[in-house]
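Please arrange chain X on chain G, whose structure you already have, making use of the hints.
Residue-level listing of the chains:
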Amino acid sequence: MALIDIFNNLANPTRFLALTNRVLPWLTALTVIVLVYGLYRVAYAPDDYQQGATVKIMFLHVPAAWLAMMGWGLMAVAAFGTLVWRHPLADVAARAAAPIGAAFTFICLVTGSLWGRPMWGTYWVWDARLTSVLVLFLLYLGMLALYWTAEDPNRSARAAAILALVGAINIPIIKFSVDWWNTLHQPASVIRMGGSAIDPSILVPLLIMALAFTLLFLLLLLLNMRNEILRRRVRSMRMMQAASI
Amino acid sequence: MTLGPHASFIVAAYIVTVVVVISMIAWILRDYAAQRRILGDLEQRGIKRRSQASRGDET
Numbered sequence: 001m002a003l004i005d006i007f008n009n010l011a012n013p014t015r016f017l018a019l020t021n022r023v024l025p026w027l028t029a030l031t032v033i034v035l036v037y038g039l040y041r042v043a044y045a046p047d048d049y050q051q052g053a054t055v056k057i058m059f060l061h062v063p064a065a066w067l068a069m070m071g072w073g074l075m076a077v078a079a080f081g082t083l084v085w086r087h088p089l090a091d092v093a094a095r096a097a098a099p100i101g102a103a104f105t106f107i108c109l110v111t112g113s114l115w116g117r118p119m120w121g122t123y124w125v126w127d128a129r130l131t132s133v134l135v136l137f138l139l140y141l142g143m144l145a146l147y148w149t150a151e152d153p154n155r156s157a158r159a160a161a162i163l164a165l166v167g168a169i170n171i172p173i174i175k176f177s178v179d180w181w182n183t184l185h186q187p188a189s190v191i192r193m194g195g196s197a198i199d200p201s202i203l204v205p206l207l208i209m210a211l212a213f214t215l216l217f218l219l220l221l222l223l224n225m226r227n228e229i230l231r232r233r234v235r236s237m238r239m240m241q242a243a244s245i
Numbered sequence: 001m002t003l004g005p006h007a008s009f010i011v012a013a014y015i016v017t018v019v020v021v022i023s024m025i026a027w028i029l030r031d032y033a034a035q036r037r038i039l040g041d042l043e044q045r046g047i048k049r050r051s052q053a054s055r056g057d058e059t
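Sequence lines, in order, name chains G and X. Residues 1 to 245 in the working numbering are what the first sequence spells out, letter by letter. Residues 1 to 59 in the working numbering are what the second sequence spells out, letter by letter.
Read the hints as simulated data drawn from the structure, not as lab findings. Note that CB positions come from ideal geometry on N, CA and C, so glycine has one too. Warning: the hint list may mix true and false statements.
Derived DEER-like restraints, expressed as beta-carbon distance ranges [what the hints assert, rightly or not]:
| hint | chain 1 | residue 1 | chain 2 | residue 2 | range |
| --- | --- | --- | --- | --- | --- |
| 1 | X | R45 | G | Y40 | 43 to 53 angstroms |
| 2 | G | M240 | X | A33 | 19 to 29 angstroms |
| 3 | X | I25 | G | A188 | 41 to 51 angstroms |
| 4 | X | V11 | G | A150 | 35 to 45 angstroms |
| 5 | G | Y123 | X | Q44 | 23 to 33 angstroms |
Interface residues of chain X toward chain G, partial, derived using beta-carbon atoms under 8 angstroms [to be verified]:
| hint | residue |
| --- | --- |
| 6 | T2 |
| 7 | L3 |
| 8 | F9 |
| 9 | A12 |
| 10 | A13 |
| 11 | Y14 |
| 12 | V20 |
| 13 | I22 |
| 14 | A26 |
| 15 | R36 |
| 16 | I38 |
| 17 | I47 |
| 18 | R49 |
A few chain G residues that don't get close to chain X, going by computed Cβ distances all over 12 angstroms [stated by the list, open to error]:
| hint | residue |
| --- | --- |
| 19 | P99 |
| 20 | A150 |
| 21 | P200 |
Only chain X is shown next, with the shape it has when bound in the complex:
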């Protein structure tokens, strides 16, 4: 596979796409870990959501 005289433009396009997609995935996974950590912390302190409190159980 040869990319010809405009190889730098082609490679740059693929690099930008990979960087944006990987950044997006990393941001989402970090956010998930952060939310899980906060949720776990709140649950450990015995705080329940309104729906859990009214049922008195864990869902």
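So that you can see chain G by itself, here it is in the shape it has in the complex:
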């Protein structure tokens, strides 16, 4: 019940903006602190016994991959909010998450390529994991094209919500691609049955970096949602201006 009240309260963009402005300084400070601590732990993390120092790329690649999927997952949940509850901020959240998710997917693809070249001998291979992440990136680009070409955000909201829900099918495909198909990409080693396969000396910095990236994602999301609310206000005021002429 309390959760429903919170959602109802946040349905008011003015109230949401006031809350965001209060939260942003604290979230910024927390993100910087966790990120700096994470990078410090990364700098002193030991080399992997097989991969040597290239394991340091993992501290960027894995959190970026998680957030690439989380971004689309968030858009799928928001799509549900748009189609079922018509929550005023659901489309705002989805629209704000799209470019951030695309950026993290891009980071995941590029860092993966740069990790693959010294370890696999190639920047790219068309295996299930890499291809499904590339599909996710293309879905993000499609979503951005849909948002940026639509004049009226209310009209694009429904189409974007349907695309987000259809595209969500790709998320479990990415996650389980390494189990379902024979891939060059290594199988799951952090989140898997039987616990993590990574030594704590590397796992702990990885989890701290994952937390730092998640905080960064939330920070960028709130900032971008604030922009989107202001953009809709501008549009509303211009319509009022046009109507009064």
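Chain X in isolation, oriented as in the chain G frame:
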């Protein structure tokens, strides 16, 4: 901290990440400044949103 024979790949990965994140932050902050400027301009001309006009106040 030594980065071994593949240092260029590691450094390139970190540079790309930093450039993408900083570009993202800069783009969002520039967009915020632009929206605030347009909004301020419209308000200065006495234009109100529908919700403000119906209430006759500022929120």
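To see whether the hints hold, each was checked on the structure:
Between X:R45 and G:Y40 the CB atoms are about 51 angstroms apart, so this pair conforms to the stated range of 43 to 53 angstroms. Our hint of 19 to 29 angstroms for G:M240 and X:A33 holds, since their Cβ atoms are close to 23 angstroms apart. For the hinted restraint 41 to 51 angstroms between X:I25 and G:A188, the CB-CB distance of approximately 31 angstroms leaves it violated. For the pair X:V11 and G:A150, the beta carbons lie near 40 angstroms from each other, so the given range of 35 to 45 angstroms is met.
Checked against the given bound of 23 to 33 angstroms, the beta carbons of G:Y123 and X:Q44, roughly 53 angstroms apart, lie outside it. The criterion of a C-beta within 8 angstroms of any C-beta in chain G is met by X:T2, whose closest approach is roughly 7 angstroms, and the hint holds. With its C-beta approaching chain G no nearer than about 5 angstroms, X:L3 sits inside the 8 angstroms limit, and its interface hint holds. At its closest, the beta carbon of X:F9 sits 5 angstroms from a beta carbon of chain G; the interface hint therefore holds under the 8 angstroms criterion.
A cut of 8 angstroms between beta carbons decides the hint on X:A12: the least distance to chain G is about 5 angstroms, and the hint holds. For X:A13, the suggested interface contact is upheld, since its CB lies about 4 angstroms from the closest CB of chain G, less than 8 angstroms. Hint status for X:Y14 relative to chain G: holds, with the closest Cβ pair at about 7 angstroms, below 8 angstroms. At about 5 angstroms, the closest approach between the beta carbon of X:V20 and any beta carbon in chain G falls short of 8 angstroms, and the interface hint on this residue holds.
The interface hint given for X:I22 is violated, since its Cβ lies 11 angstroms from the closest Cβ of chain G, which is over the 8 angstroms cut-off. Residue-level restraint check for X:A26 is violated (minimum Cβ-Cβ distance to chain G is 11 angstroms; threshold 8 angstroms). Of the supplied interface hints, the one on X:R36 holds, with its beta-carbon coming within about 7 angstroms of a beta-carbon of chain G, less than 8 angstroms. The criterion of a C-beta within 8 angstroms of any C-beta in chain G is met by X:I38, whose closest approach is roughly 5 angstroms, and the hint holds.
Interface restraint check: X:I47 against chain G, minimum CB-CB distance 5 angstroms, threshold 8 angstroms, status holds. Annotation: X:R49 was flagged as interfacial toward chain G, and the flag holds, the nearest CB pair being 5 angstroms apart, inside 8 angstroms. For G:P99, the condition that its CB be more than 12 angstroms from all CB atoms of chain X is violated, with the nearest at approximately 7 angstroms. Look at G:A150: its CB is around 17 angstroms from the nearest CB on chain X, clear of 12 angstroms, so calling it non-interface holds up.
Against the 12 angstroms criterion, G:P200 stays outside the reach of chain X, whose nearest CB is about 19 angstroms from its own CB.
Hints 3, 5, 13, 14, 19 from the earlier list are contradicted by this structure; the remaining hints agree with it.
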